[in-house]
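Student: Each chain, letter by letter, is given below.
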Amino acid sequence: MSEWIDACAVDDVEEEDLIRFDHEGRTFAIYRSHENAFYATDGLCTHEHVHLADGLVMDHIIECPKHNGRFDYRSGEARGAPACVKLKTYPVQVKSDRVLIDIA
Amino acid sequence: MSGASGMIIIGAGECGVRAAFALREEGYGGPVTLIGAEPHLPYERPPLSKGAAAGAQKIIAGESRYDEAGITLRRATRVERIEANRRQVALSDGTTHAYDKLLIATGAQARRFPGMEAARTLRSLDDAEAILAAFRPGARLAVVGGGFIGLELAATARERHVDVTVIEAADRLMARIVPAALAAMFEARHRAEGVALLLSATVASVGEEGVVLADGRHVEADLVVAGVGAAPDTQLAEQAGLAVGDGILVDHRLQTADASIFAAGDCCNFPYRGGRVRLESWRCAQDQGTHAARAMLGADEAFSRTPWFWSDQYDLGLQVAGLPDPARPFIRRDLAGGALILFQLGDDGALLSASGAGPGNAVAKQISIAEKMIQRAVPVSAGQLADTGTNLKSLLKG
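Going down the list, the sequences are from chains A and B.
Here the numbering used here is used: position 11 in the first sequence is 11, and no number is missing along the way.
Here the numbering used here is used: position 103 in the second sequence is 207, and no number is missing along the way.
Derived from the structure by calculation, the hints contain no laboratory data.
Just so you know, not all the hints are guaranteed correct.
[Unchecked claim] Straight-line alpha carbon distances no greater than 25 Å define the calculated BS3-like cross-link-like pairs of lysine-lysine that follow:
no. : chain 1 : residue 1 : chain 2 : residue 2
1   : B       : Lys-476   : B       : Lys-501
2   : B       : Lys-497   : B       : Lys-476
3   : B       : Lys-501   : A       : Lys-88
4   : B       : Lys-162   : A       : Lys-95
[Claimed, not checked] Chain A is faced by these chain B residues, among others (derived, beta-carbon under 8 Å):
no. : residue
5   : Arg-122
6   : Gly-464
7   : Ala-468
8   : Lys-469
Since the model is a prediction, treat every value here as computed from it, not as a measurement.
By construction, the Cβ of each residue, glycine as well, lies at the ideal position given by its N, Cα and C atoms.
Make the full structure from the sequences, and use the hints.
Tutor: Here you go:
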């Protein structure tokens with residue numbers, strides 16, 4: 001079952017960057033790639049409870065702002081110590097300049 | 105002698121653990137033995153001064169990951185000596201074990217200066233548990249040393265309503281690595297949180313009643329913790345005849361003069377930008393652990409990763425990339441929300457260091473960009489660094 005929610009406007013996220021999106025006690029990260037595609041993952045690093053939104057995006061990699069854990073935000077795959085647990089990803093669609101994510 | 109020889113790593117801290125896993129990631133199929141003196145499963149040390157209490161400690165890897173990777177983890181085991189001529193180590197249980205390559209990752213031990221013998225120090229999980237157990241509301245804590253560990257501990261103590269006095273010999277906090285303007289932000293914050301800061305204050309003695317200063321003042325305390333730096337644990341290396349000078353001397357590959365022995369992390373002294381340094385850094389310990397593993401397998405690459413440090417005190421976060429040079433001017437970049445970054449340029453027209461502080465992780469993105477600029481020696485001007493209208497990330501991509 002899907003549960004699509006409106007996360008933000010397309011223009012809320014700069015290219016090759018991300019923002020934090022909180023919803024009903026959960027926190028997500030919404031990404032806009034340098035190719036202008038949108039992605040969503042859990043908002044906290046799997047290594048420690050740190051908001052990824054303060055981290056740096058380079059190409060398709062989000063780097064944890066604290067401990068240099070890196071993830072490919074398209075697949076959630078961890079790309080090096082200290083992070084070794086995959087980041088959960090969520091389906092995304094863009095409709096009328098709004099970014100929707102399926103948090104089910 | 106027992107067992108087939110392989111890779112032996114002395115020290116099961118961040119560096120040793122990373123090296124053990126990196127050997128496997130690099131495809132090494134022989135025996136890997138990781139030897140640690142502590143009884144605990146290897147854990148992360150940075151959270152200790154930030155209030156991670158008993159049971160809440162962060163392990164580096166669960167036990168099953170060692171099993172899956174085929175890493176033999178020997179806990180509560182001391183290496184008595186390295187017998188370099190026989191390429192073997194003798195352990196506290198009386199056994200000896202041969203190695204093809206040996207990595208010394210013994211880290212550092214808390215330092216105490218004369219007169220401070222009665223002070224506690226914070227280095228291990230057991231230290232942290234003993235200290236945190238004394239953090240009751242109204243208890244009096246005296247911290248000797250206004251560096252990262254002492255100040256993080258002071259912040260943790262204030263959050264638990266402990267009365268805190270910090271005694272620092274220098275005229276400001278964190279003088280070893282942090283630029284004065286950033287240290288001042290932390291000084292103001294500690295004072296606002298009710299910490300009594302005694303700067304330019306020298307300790308004469310530590311006793312049951314607290315601390316006696318050189319000028320005769322008394323600081324009454326129920327608990328005295330010294331955070332006055334750490335000394336590299338080089339005893340085994342020295343006994344084995346390896347060269348030591350503020351750390352075990354290694355070359356660009358992290359190899360000692362003995363081609364079978366490498367050293368990495370807080371215990372080693374390595375070449376950096378034409379000089380030599382020893383770092384006490386979580387990130388460096390990881391980077392060098394990975395590098396040493398590759399070098400043990402024959403890779404001939406120079407270790408050149410940019411140093412990176414951080415500290416958390418209250419909700420203020422500090423990050424430093426590169427090694428700030430106190431003799432060089434700082435270029436200031438003010439960010440939103442009171443966050444501040446101070447850059448330094450090197451003689452080559454590239455970034456030398458970037459130090460930032462602000463609420464939470466406000467400086468993280470910029471420091472991460474700066475770290476990559478330092479690493480890649482990206483040319484940049486003082487004007488670009490100071491101007492918040494200049495997108496530093498675009499320079500990185502240039």
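Student: Confirm or reject each hint.
Tutor: A quick look at each hint next to the structure:
{"no.": "1", "hint": "Lys-476/B with Lys-501/B", "verdict": "holds, 10 Å"}
{"no.": "2", "hint": "Lys-497/B with Lys-476/B", "verdict": "holds, 9 Å"}
{"no.": "3", "hint": "Lys-501/B with Lys-88/A", "verdict": "violated, 28 Å"}
{"no.": "4", "hint": "Lys-162/B with Lys-95/A", "verdict": "violated, 42 Å"}
{"no.": "5", "hint": "Arg-122", "verdict": "holds, 6 Å"}
{"no.": "6", "hint": "Gly-464", "verdict": "holds, 7 Å"}
{"no.": "7", "hint": "Ala-468", "verdict": "holds, 3 Å"}
{"no.": "8", "hint": "Lys-469", "verdict": "holds, 5 Å"}
Hints 3, 4 from the earlier list are contradicted by this structure; the remaining hints agree with it.
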